[in-house]
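Asks: Residue strings, one per chain:
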Amino acid sequence: GAVVSQHPSWVICKSGTSVKIECRSLDFQATTMFWYRQFPKQSLMLMATSNEGSKATYEQGVEKDKFLINHASLTLSTLTVTSAHPEDSSFYICSAREGRVTREQYFGPGTRLTVT
Amino acid sequence: QQQVKQSPQSLIVQKGGISIINCAYENTAFDYFPWYQQFPGKGPALLIAIRPDVSEKKEGRFTISFNKSAKQFSLHIMDSQPGDSATYFCAASRRQREGGGADGLTFGKGTHLIIQP
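Just so you know, the protein sequences line up as chains V and G, in that order.
Read the first sequence against this note's numbering and you will find it ends at 116, with the numbers running on by one and no gaps.
Read the second sequence against this note's numbering and you will find it ends at 117, with the numbers running on by one and no gaps.
For the record, the hints were derived by calculation from the structure and aren't laboratory data.
Being a predicted model, the structure only gives us computed values, none of them experimental.
By construction, the Cβ of each residue, glycine as well, lies at the ideal position given by its N, Cα and C atoms.
Keep in mind that the hints are not guaranteed to be accurate.
Claimed, not checked - Stretch by stretch, here's where chain V covers chain G in the computed footprint (C-beta under 8 Å, at least three residues): (1) 68–79; (2) 104–117.
To be verified - Over the 10 Å line for every Cβ pair with chain V, so calculated as not near, a few chain G residues: (3) A24; (4) T28; (5) P34; (6) P52; (7) E59.
Looking at chain G on its own, in the form it has when it is part of the complex:
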């Protein structure tokens, strides 16, 4: 059962355009939704994250939109640049029960983004 579904699998955007990646989750216990950027052969880097008590969060050119009722969230990259070309992963986690820390992350399958100059 894939708990976090990500689309599209690949995306080509012109320089200066807006890149939009979507994710949907099934587990209503998830309460933390980060996005990661990964370059080939490197570990993922945290871009931005959101909790379900807000509908939008913006950091620089990156914006997360969150729709709790639809169980969907998306990443918008404004003014996309060639240096943004990478694989992007959405993820989700839930807080463990009994006062423990949070679970590990459940990742979407990733979106390979190419920004054309």
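This is chain V alone, in the form it adopts within the complex:
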């Protein structure tokens, strides 16, 4: 149980274009989903928190107009990187939590974004 998937697993796009990444909880309903970013050989940094049906809460320093997050259902959250630039190239990982009481976060396999 507690399986989270992401799609695509990797994507290459040209500078200035937009890319959408999907995060799905496969066997549970995710009240809250989180988006993290990880640079090579570095730690994970929280970007934003999204609760189903509500606007996402962004961490300090994360541009909300650049990283659009939508949590339209209890099993799906999307992250859209708008007007991507090479510095946006990174490993984007989502996690999901079931309910508001449980604390366990289960992570997806990540999406490698390369902007050329």
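Given the coordinates of chain V, work out where chain G should sit on it, guided by the hints.
Replies: Just chain G now, with coordinates in the frame of chain V:
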């Protein structure tokens, strides 16, 4: 400000030995402390987690020791195996105020563990 400090950065342990990774936190509002294992190119996998009301938790070969007064916690991997070679992250989170769910996780910088056969 790094809220969760993890050490060592890298660790080499012989097969069958005990791997020990340490973390220290600063924010006393943290009340949930998980450990994650990550293989290259993969997402982190939850190993074990602890709340501050207990001093130790064991699951199989993995044990968390927690010292609330010192604001430190550690992961012990007993009988370490080559398949345990990975990057390990400690993390912490706090419950949001006003009845909301918990915050996202604050991660340590990670420990690259190598188990030599």
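Asks: Confirm or reject each hint.
Replies: Hint-by-hint comparison with the structure:
1. Under a criterion of three residues with beta carbons nearer than 8 Å to beta carbons of chain V, the stated coverage of the stretch 68–79 of chain G fails, only 0 such residues being counted.
2. A stretch counts as covered by a chain when three or more of its residues have a beta carbon under 8 Å from one of that chain; for the stretch 104–117 of chain G and chain V the count is 7, and the coverage holds.
3. Once the 10 Å rule is applied to beta carbons, A24 (chain G) is consistent with being away from chain V; the minimum gap is 15 Å.
4. Consistency note on T28 (chain G): stated as away from chain V, and its beta-carbon is indeed over 10 Å from all of that chain's, at 17 Å minimum.
5. Listed as outside the interface, P34 (chain G) is inconsistent with that label: its C-beta sits roughly 7 Å from the nearest C-beta of chain V, within the 10 Å cut-off.
6. For P52 (chain G), the requirement that its beta carbon stay farther than 10 Å from each beta carbon of chain V is met, with the minimum near 12 Å.
7. Taking the minimum C-beta to C-beta distance to chain V, about 13 Å, the non-interface status of E59 (chain G) holds against the 10 Å cut.
When the structure is compared with the earlier hints, violations turn up for hints 1, 5 and for no others.
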